[in-house]
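Protein sequences, first through last, are from chains Z and G.
Position 165 of the first sequence, counted from 1, bears residue number 1050 in my numbering, the numbering being contiguous throughout.
Position 56 of the second sequence, counted from 1, bears residue number 941 in my numbering, the numbering being contiguous throughout.
FYI, nobody ran anything at the bench for these hints, they're computed from the structure.
Keep in mind it's a predicted model, so treat the numbers as computed, not measured.
Check before you lean on any hint, since a few could be wrong.
Said to hold, decoys possible - Distance condition first, Cα-Cα at most 30 Å in a straight line; then the derived DSS-like pairs of lysine-lysine:
| id | chain 1 | residue 1 | chain 2 | residue 2 |
| --- | --- | --- | --- | --- |
| 1 | Z | Lys932 | G | Lys922 |
| 2 | G | Lys1266 | G | Lys1283 |
| 3 | Z | Lys1266 | G | Lys1242 |
| 4 | G | Lys1242 | Z | Lys1178 |
| 5 | Z | Lys1178 | G | Lys922 |
| 6 | G | Lys919 | Z | Lys1182 |
| 7 | G | Lys1283 | G | Lys1242 |
| 8 | Z | Lys1259 | G | Lys1266 |
Protein chains: 2
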Amino acid sequence: MMEKNVKPYGQLSAAELSALCGGLQTEFEGWKGKALKLDMSRGKPGKGQLDLSMGMLDTVGSGGPVASEDGTDTRNYGVLDGIPEAKGLFAGMLGVPEAQVIVFGSSSLNVMYDTVARSFTHGVMGAEPWYLQAARTKDPIKFLCPAPGYDRHFAITEHFGIGMVNIPMTDEGPDMDMVERLVNSDEGVKGIWCVPKYSNPLGTSYSDETVRRFAALRPAAKDFRIYWDNAYCVHHLYPEADRQDSVLDIIEACAKAGNPDLVYEFASTSKLTFPGAGVAAMAASPANIADVKNHMKYQTIGNDKVNQLRQAKFLGDPENLAAHMQKHAAIIRPKFEAVLDALETQLGGLGIARWTKPRGGYFISFEGLPGTAKAIVARCKEAGVVMTGAGATYPYGKDPDDSNIRIAPTFPSLGEITQAAQLFALCVKLVSAEKLLGERG
Amino acid sequence: MMEKNVKPYGQLSAAELSALCGGLQTEFEGWKGKALKLDMSRGKPGKGQLDLSMGMLDTVGSGGPVASEDGTDTRNYGVLDGIPEAKGLFAGMLGVPEAQVIVFGSSSLNVMYDTVARSFTHGVMGAEPWYLQAARTKDPIKFLCPAPGYDRHFAITEHFGIGMVNIPMTDEGPDMDMVERLVNSDEGVKGIWCVPKYSNPLGTSYSDETVRRFAALRPAAKDFRIYWDNAYCVHHLYPEADRQDSVLDIIEACAKAGNPDLVYEFASTSKLTFPGAGVAAMAASPANIADVKNHMKYQTIGNDKVNQLRQAKFLGDPENLAAHMQKHAAIIRPKFEAVLDALETQLGGLGIARWTKPRGGYFISFEGLPGTAKAIVARCKEAGVVMTGAGATYPYGKDPDDSNIRIAPTFPSLGEITQAAQLFALCVKLVSAEKLLGERG
């Protein structure tokens, strides 16, 4: 960090803080006058990113082709687990054999929901359904929730009345001492939510050691599964290999550790092509895949194979896919950098905040002073910038320190995001100064 | 029926039957020599029907449009319940207000599955979830199953351990005396599976009186719902209005009867455009729709809106849709007629079978002598023609009389279906003659 002529807020006197608050408040009022209307709340691609995949819409047109590579007419009923080329696409993305992939409809969240729901009502690979286990043992089913994490994961488990246990995140992933202790001792612990690469919201990736420790778990519950949401598996911000994170293949690691059935891995093309019209997939051991298919046959005759064909044709081989993802990166990297610049310039050295500097994914994670996150988000909203709700990154929406804020820089334009980041930094300063002043009072 | 020089099999002597069996067996051996390989098992459109909708693939191409009529970018995240024009499409098909429609992904079966699953795990409009009710009362949840009916409906309820009660079908729909008695008295009865128009497999439609009696039910269970699978709502075989069935609007009928929340209606474009890539919908009262959406938000951020846009653009206004469906009819009507001709010519007057003569839908329902259906299907298979499994049209796959066979004429070509129908009729004669002969012995 550059030397700057700033004094950490913690070293300011009450009088200095008071003067600071006054100045910041005036500045804030100026921002309110601009009547901004910006949304940094969700990990949503911008229009320019969507335009990158318009060619996909022509890959299956009225002139065809409509047959998959094995000759299946994608327009008609059938093929429960997906056409071969769509399986191949995900097999390539995740580094797993095609036979260990099921391709679904447009939403990986829906696949994860269904996985929890199926386990609840019908059990995992022949085990007693969770609702019956919970009734018999009088104990709720539990999930471990590395936090900060993805709010929609936590919403699914909460919706099923599944108890959620916060697991702190380190630079290498979840606190594995705690994970091992809980998973290996408590039969009520049935799952853990993981975003291993460019995690939501930290943007950091799990270390090899973390993946190996996951694979070596010896769960007390035979129906425990790792929910490995590899949502950002190919979502690098930089083209240089040495600026890209790589995460060990969990499925291979589990197999090597003699734990082949330990994990369900999820992915989708939502942030490769169209979030509203991609395809999702699950990868797992052959036994898990057979179990899921045996249940799926009651749910559907088959998912949208024409769209599977579109995605597979458009994203093509791995080099093609990597090149396509770098087009995304070229659009969103400047947005990430604009936010990081604003944070560094405005907040560097003030001792009131830290933040992650991700090399991929969709988020920057911000940590303010304890007890300031809700107030910062509220101030931003007052001036027309919507952030992800403070607390949303924790189970039950409760951030114990009220300090974490998820920044999603992708949706607004570069100009807008630059403005929004400036305003955000101002709100951080204002709320932090007010808080410190209050503590002196 | 034309006068024919045939004697009902029941009036033949043992010697005559024996001679008949010999001749039919010889004829059957001849058919086996043809090595047919035909599939009449599922209600699946043929290739010619799929080709009718190829233009749909061009309605959303790389040149756009990608915005829905309210300006939503269909490519991006969001819009839980479907874009306005897709709601409008189903509102028109079902005769309900757009606000009472949710549009989903590609499979109405999946929507029905989710509806049962949601009721099981989370309850209906605030009522206790079914799994808790069942545990408390020590009684299983029950569904009424008009039979013969759709095997995939029955498979869903069986999969959830829901008890299934057979309801006989009359020419006007389910036996409503029995439906009223059970629904209005038994709090454990939570649903009934209905295919009201060109029903699967009968091809017949519910009378106005039946619909009104449904709407006037006074269920013992406040969380009882009619599952109204209007799969064939616009699937007429004939263009003339007086040769088309019409069924009263159940949603309006329920509202008029003071029972607005009594019914969930389902439909899809699977057999309008592509079975593998259509869109599905639910229509219901505002309170039901709100309840479903409140649950859906945990399942997904939104379904494939680009495909919703495609379907809406292609099927367009009601006249356009009706004209499109008549193109389907022009292809499949001759197939239905070929089967009906073969049945009439080969089996008319023999006293061993009756069958329905549908004016729409995808099936003809065949009733043979009691105890012959499995044997007939087995004989067909022996000669290379796959029929829907005997029993499949009844809960638990058990046809109490072993007499019903579902004939699905749409998938094979006209030439193939003509052959298959001849073979089928021969197998009916052979198995029936053998059975009657056995009874004399």
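Going through the earlier hints one by one, which of them does the structure break, listed in rising order? 1, 3, 4, 6 and 8
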